[in-house]
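**Q** As a plain string of letters, each chain reads:
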Amino acid sequence: MCLAIPAKVIRVDGASALVTIEDVEYQASLLLLDDVKPGDYIMLHAGFAIEKVDAEEAAETLRLLNEVADNSFQ
Amino acid sequence: MQYLDEYRKKDLILALAEELKQVSKQEFTLMEVCGGHTMAIHRFGLPALLPPTIRLLSGPGCPVCVSSQHFLDTAIAYSKIPGSVITTYGDLIRVPGSVSSLEKEKANGRDIRIIYSVLEAVEMARANPDKNIIFLGIGFETTAPATAAAIVEAHKANLPNFFVLSAHKVMPPVMQALVMEGVKIDGFIAPGHVSAITGTAIYNDLAKLHRLGVVITGFEPVDLMLAILMLVRQLESGSPKVEIQYKRVVHSDGNKIAQDLLSKVFEMKDDTWRGLGVIPGSGLKIRDEFAIHDAEKHFDVVVPEPADPKGCICGAILRGLKTPKQCPLFARVCTPSDPVGACMVSGEGTCATYYKYRS
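Residue numbers (the working numbering), protein chains in the order written: chain W, 3 to 76; chain A, 5 to 363.
None of these hints come from the bench; they were simulated from the model.
Check before you lean on any hint, since a few could be wrong.
Unchecked claim - Lysine to aspartate or glutamate pairs mimicking EDC-like chemistry, simulated, CA-CA at most 20 Å apart:
| no. | chain 1 | residue 1 | chain 2 | residue 2 |
| --- | --- | --- | --- | --- |
| 1 | W | 10 | A | 9 |
| 2 | A | 251 | W | 42 |
| 3 | A | 13 | W | 59 |
| 4 | A | 251 | W | 59 |
| 5 | A | 13 | W | 69 |
| 6 | A | 260 | W | 24 |
| 7 | W | 10 | A | 15 |
| 8 | A | 14 | W | 69 |
| 9 | A | 13 | W | 42 |
| 10 | A | 268 | W | 36 |
Stated by the list, open to error - Here chain A is said to cover these stretches of chain W; the calculated rule only asks that three of the stretch's residues, wherever they fall, bring their Cβ under 8 Å from a Cβ of chain A:
| no. | segment |
| --- | --- |
| 11 | 42-53 |
| 12 | 62-72 |
A virtual CB, placed ideally from N, CA and C, is assigned to each residue, including glycine.
Throw the hints in and build the complete structure from the sequences for me.
**A** Have a look at this one:
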């Protein structure tokens with residue numbers, strides 16, 4: 003039930019957005035999230051966008067992980 | 005898939021497992037309280053990668069599993085009222101009530117429909133003014149805001165035939181209750197999407213008062229391994245605190261719009277968690293302002309006394325005190341296709357997970 007999936011915003015139509023997950027289209031209600039633009043990634047849960055995916059934080063997490071990987075294989 | 009594949013990379017998972025082996029000296033018990041985490045941990049075989057010093061417990065993280073029999077029996081009773089349409093998320097359809105299940109009642113001809121978004125139920129109410137559309141509201145803080153938004157929309161659109169039977173619950177009281185009960189937990193792998201809504205402040209007491217580590221975690225194997233590493237580092241250095249591993253989605257303030265909707269539509273109540281009993285202040289009840297959409301205030305039904313199935317130890321399992329293997333019914337009498345207790349019915353339940361991934 004906690005499952006939410008990252009989905010890419012294609013188009014915003016007022017209180018809802020057209021999003022895609024691997025080219026499959028879904029409707030995401032924007033009643034819980036504002037300031038959403040095409041190109042953004044949102045977390046889709048039970049038909050609602052509940053949060054945006056922060057690209058910078060995602061990159062930072064990966065950087066941290068790669069550091070651990072580099073250290074561990076030394 | 006963007007934002008998923010990178011967090012499933014095998015070399016990263018193994019590197020984290022290696023780092024954990026280096027860092028982990030003392031024995032610690034970590035509990036996750038989210039069905040999504042239970043599934044991910046077992047699906048990706050993570051327990052086998054952990055050093056023997058780290059023990060993982062599954063707590064009451066499956067909202068379907070902890071929905072009381074009374075809730076199911078009430079929904080079933082509503083389905084028998086002429087003109088009513090029961091709308092529900094799919095996971096509830098096979099959960100056994102005292103005598104029957106929604107699936108069985110559907111087979112008996114009751115109008116029970118599985119929906120993906122609660123807004124579909126609002127649409128149904130709009131399109132069918134002669135029917136009473138009753139939505140079964142289950143889920144924690146990740147899902148309750150959607151129900152709140154739907155109630156506000158139905159109210160605005162003047163749809164007196166849209167109802168919600170709320171079994172929504174919130175996490176912090178049950179996490180506290182487990183700790184106060186004395187369940188041995190050193191740290192929590194905290195639910196990522198609940199926290200995306202609530203923000204991090206709800207866990208402060210656990211860290212400050214109870215000295216437990218709390219790491220808010222994503223759902224991919226790399227997220228989980230990194231979170232476990234973060235917890236172990238905290239505990240090894242004697243500095244338990246609240247940290248966010250899932251930074252790409254969770255920020256410390258959470259989702260303010262969702263939080264405001266929750267407090268606008270719901271208030272706290274004492275609630276019954278299947279297998280755990282009554283946990284004070286853990287349930288969400290629809291406020292009087294929106295009573296017109298509260299199924300409990302509108303429909304009067306007779307519901308059987310709850311009957312706990314013999315031999316079922318879901319209660320102990322939900323507390324992390326026993327594992328499914330210790331249940332006499334597990335995989336013998338109680339299976340996913342023929343579930344006895346709720347832990348087996350929901351795909352995210354501890355027993356269903358163990359059954360699926362047992363070697």
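**Q** Please flag the earlier hints that this structure goes against, numbers listed from lowest up.
**A** 6, 7 and 9
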